[in-house]
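J.: Sequence:
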Amino acid sequence: MKFSYNLIKKIAPGKYTREQLVEKLNSHSFETVDIGGDILEISVTPNRFSDASSHIGIAREVAVAFGLNLKDPVEQALKFDHKDQGIFRVNLKNKNLCKRYLAAYVDKVKIGPSPAWLKESLAACGLRSINNVVDIMNYAMIETGQPMHAFDADKVKGGLVIRNAKKGETIETIDNQRFNLDEEVLVIADADKPLAIAGIKGGKSGEVSNSTRRLLVESASFESSNIYKTSRRLGLRTDASVRFSHPLSPELAARGMKRALMLLQELTGAEIHAPVDLYPKKQSKEILPLDIKKINSLIGVEFKQSEVSSLLQKLGFSIKGPANGVNKKVEVPLLRNDIQNIEDLAEEIVRFKGLEHLPSNPPHVALGIAVEEDIVVLKDQIRNFLSSAGYSEVYNYSLVSETDCNRSPAIIRSREAKIARLENPMSAQLAVLRDSLASGLIKNLKENRKFSDQVRIFEIGNVFQDRSGKVEEKTVLGAVLAAKDGILEMKGIAEMIFSRLGATDYALIPIDNADGYIKPVEALRIELDGVPVGYLGSLSMMSGAIMEIDLGAMILEAVGE
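Numbered by the numbering used here, the letters in the sequence shown go through residues 651 to 1211 in order.
By construction, these hints were calculated from the structure, which means they are not laboratory data. Among the hints, a few may not be true.
Here are the in silico distance ranges between beta carbons for each label pair [stated by the list, open to error]:
id	residue 1	residue 2	range
1	M1192	Q1079	22 to 28 Å
2	Q933	D734	25 to 31 Å
3	S960	I761	44 to 50 Å
4	S875	A1078	24 to 30 Å
5	K854	K652	47 to 53 Å
6	D825	S875	23 to 29 Å
7	K745	S693	29 to 35 Å
8	P1012	T695	26 to 32 Å
9	A1016	G1142	46 to 52 Å
We treat Cβ as the ideally placed atom computed from N, Cα and C, and that holds for glycine.
Generate the whole structure from the sequences, applying the supplied hints.
T.: Take a look at the structure:
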């Protein structure tokens, strides 16, 4: 985002150079690059758009970093020429998509060119000068961070309505593009037609021209996700849509309106009326405890409460509570919707203290002797053996369809257990957690059979089952091969695995009721010390064999726990 160095220095005046400013912002606030002339490129993070995507917001960061006084132009007094709202009305129909809407009637406007300083500030931010009214709206936006728009009041019939577009409605924007609207699009309309796509672009029908003498100035707070989706759907991206696609505080709308009216009064000689302010549900204040012990424990440095309070107050926070320092509270500025807990407060402290000034202390924790997990060792041994035997390892999704479950013998999975279902699945094909590795391996085998008659693959992964409402997880080895006399080879692989692990008391026992992927007469249950740990058998759909072994159960029996 482009910013004007001269405008920042106007709001945060002091004896600092451009290089010093860039260094301070990089150290304490945001990544900043000097790209020449009056232009700075500052990467404002998405969670800071509400308070820092503006020159006033950046100037506040600069003022705190250099210990300067902030000259916020919005804090200046504004005297209305007329206390009434003027000859128009506003109807806010969609209070969910428009959280706050301000509109001000402005009379006796003199349209003309903008002063040089205003044009220069806009140019530094990549904005083209149009006329003094349009330029004032844009300048107030870059100063406060609040996008605004001005309508020619004489082109507005029956007041303003904030509503969803009607099916089949169209709008021609001020840059001569025509868009077909639907019910998902929020518009600013009059009694007859849409005047603007809310939060994105103004329409041709309400455009300010050289003959304009009366204005309706709007400043609003829109629901960010709707603006983002509308902008994407229409393929229309503007400075306003980028800003409104982030959650901006509704308080920003009032600040932007005040600044725009001040400039209209000053630069165009206009007479301004008190704005209409529709604010159905006011933004609640965030109050956090000023727990200095917790803040110091998070940062690892002992700060005094007075030091923390002073820094937070410079950033616009209010400190509430008794003078003795007990049970003090921090009232978060309404624009700082990124501050939600005491950890966020600690971050504010440490970023201005400077990360480079924090001492490097080793953690005070007891370190135990490093040991290797049995399951990790076992998986590595199996991988090495199967790879040397010509098997390739595969990885499959844990999410499968319900038809892929209950297809293998009830050994890896328990008969009494249920399928582990997702509460909100993305699709029917990814609705449950797999209860065995068989379905994925069979699909891999079929795909690879297109290129070779003999295929050997294995997978080590987790399978799941729902037992009395609790999801249980197991680590399982699955191997499958396509080859003549595959059952004999798979038996040999199983025997080699047990032999290499030193497990001698194992048995392969026929399964009478096998079904699904394997042939009933060529299915074997694998037992270790009399405990079932897996199965193997001939595939029913092709010449080949499959095997699954519960590695966790195998460790318990073979390794001796």
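J.: Determine for every hint whether it applies to the structure shown.
T.: Verification of the hints:
no. : hint                      : in the structure
1   : M1192 / Q1079: 22 to 28 Å : holds, 23 Å
2   : Q933 / D734: 25 to 31 Å   : holds, 27 Å
3   : S960 / I761: 44 to 50 Å   : holds, 47 Å
4   : S875 / A1078: 24 to 30 Å  : holds, 27 Å
5   : K854 / K652: 47 to 53 Å   : violated, 28 Å
6   : D825 / S875: 23 to 29 Å   : holds, 25 Å
7   : K745 / S693: 29 to 35 Å   : holds, 34 Å
8   : P1012 / T695: 26 to 32 Å  : holds, 31 Å
9   : A1016 / G1142: 46 to 52 Å : holds, 47 Å
Comparing the model with each numbered hint stated earlier shows that hint 5 is the single one that does not hold.
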